[in-house]
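*Asks:* Let the hints inform the model, and build the full structure from the sequences given.
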Amino acid sequence: MRSAELAQALDDIEKERGIPKEVLVEAIESALKSAYRKNFGSAQNVSVEMNSATGEIRVYACKIVVEEVADERLEIDLEAAREIDPELELEDEVNIEVTPAEFGRIAAQTAKQVVIQRLREAERSLIYDEFSEREGEIVTGTIQRAEPRMVIVNLGRTEAIMLPQDQIRGESYETGQRLKAYISEVKRSAKGPQIFLSRAHSEFLKRLFELEVPEIYDGLVELKSIARESGSRSKVAVYSREERVDPVGACVGPKGIRVQSIVRELNGEKIDIIKWDSDVERYIANALSPSKVIGVQLFEEEKMARVVVPDYQLSLAIGKEGQNARLAARLTGWKIDIKSESQMETTGGMADAPDEEDTAEDVPGLPADEE
168 MRSAELAQAL DDIEKERGIP KEVLVEAIES ALKSAYRKNF GSAQNVSVEM
218 NSATGEIRVY ACKIVVEEVA DERLEIDLEA AREIDPELEL EDEVNIEVTP
268 AEFGRIAAQT AKQVVIQRLR EAERSLIYDE FSEREGEIVT GTIQRAEPRM
318 VIVNLGRTEA IMLPQDQIRG ESYETGQRLK AYISEVKRSA KGPQIFLSRA
368 HSEFLKRLFE LEVPEIYDGL VELKSIARES GSRSKVAVYS REERVDPVGA
418 CVGPKGIRVQ SIVRELNGEK IDIIKWDSDV ERYIANALSP SKVIGVQLFE
468 EEKMARVVVP DYQLSLAIGK EGQNARLAAR LTGWKIDIKS ESQMETTGGM
518 ADAPDEEDTA EDVPGLPADE E
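When you read off a place in the sequence shown, starting at 1, and then add 167, the result is the number in the working numbering.
Keep in mind the hints are simulated off the structure, nothing from the lab. Among these hints, one or two may not hold up.
The calculated EDC-like cross-link candidates involving lysine to aspartate or glutamate, where the alpha carbons are at most 20 Å apart (straight line), are [claimed, not checked]:
#  : residue 1 : residue 2
1  : K279      : E193
2  : K391      : E304
3  : K502      : E410
4  : K459      : D446
5  : K391      : E410
6  : K459      : E508
7  : K442      : E370
8  : K205      : E189
9  : K391      : E377
10 : K188      : D178
11 : K442      : E409
12 : K459      : D444
13 : K354      : E304
14 : K373      : E488
15 : K354      : E410
16 : K182      : E193
17 : K437      : E488
18 : K205      : E193
19 : K470      : D444
20 : K442      : E389
21 : K437      : E338
22 : K279      : E181
23 : K279      : E432
24 : K358      : E288
25 : K502      : D439
26 : K354      : E302
27 : K373      : E288
28 : K459      : E488
29 : K502      : E396
30 : K373      : E468
31 : K347      : E288
32 : K354      : E288
33 : K347      : E302
34 : K391      : E409
35 : K437      : E508
Between beta-carbon pairs, the in silico distance windows are [said to hold, decoys possible]:
#  : residue 1 : residue 2 : range
36 : D179      : A357      : 47 to 55 Å
37 : G303      : G435      : 20 to 28 Å
38 : G303      : R225      : 46 to 54 Å
39 : K354      : Q175      : 34 to 42 Å
40 : R312      : L241      : 34 to 42 Å
Note that CB positions come from ideal geometry on N, CA and C, so glycine has one too.
*Replies:* Next comes the structure, spelled out in structure tokens:
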């Protein structure tokens, strides 16, 4: 690369990539100084200057003016110094050009490496800035590699990672498959930005509802709470700011089209949409949907609720392996003890607070975002 070509390249990079020419010149000068010392001796006190307009590069040795030279690499006598500048005095510093004839090739190679490195750093910085601003959004990408410990997703300008805990249980991923996911975190690293995706995060479900339900996007309907066991079942509590808008109906959509679109995206994950209520008893009763509830008794100090359901609804209220009761507890934030009518008759009513071990609550080992 000739001097004129280098100067033109720096101009082009400044215009196209937005990297100031001064920054590139400073980096090139620093790299050339190291290259000179490596190839032509490190004892000299040298500086490298690059003309940003012409691309011309010169090397200067800085020497101290002395009466008697002890080390000619660092010193120059007064007589020789005054041939360069008649006004120089003892102890002054003088710069003497020492650009080697063969330095051009090294300079061109070094400058090219510096420019490539700075472009790479600038590109990484731009990608980080772009995706850190999009943290919390849904993106669509193509699976590049599906490995045992992670899925690599191509987002166009960069790659993202989906770790096992962020994958929907039971979902399979294949190379070339198009995929929607939630940007859960963006980190800086030595190799560039690291973008983490999730399909198991509760916020992924929330964002899908915002995309499918205009009333949520417009703020007429609010998503109050989500409890999710990804790949299996979720409960979503919704509330309408407008009396005329039915929050559950808005989320379900005409003939169930809106919620079914989300269910398809989640590969069949069941979704219960329930109405949030400021009355805690009604809210807990709603949360145990699709089970019918006869009565709810609250124990405020323990933040526990005893719920009575018809005998034939007991297994439905509890759910398979306790899932319905567990999700309802997580959705409402209350521990829930479910009893059938006959059980209540046997124990003689709803007086005492339920035992802690009999209540449905969060199950240890669930992902942090679901707890």
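*Asks:* Looking back at the numbered hints, which does the structure fail to meet, lowest number first?
*Replies:* 3, 8, 14, 15, 23, 27, 30, 31, 35, 36, 40
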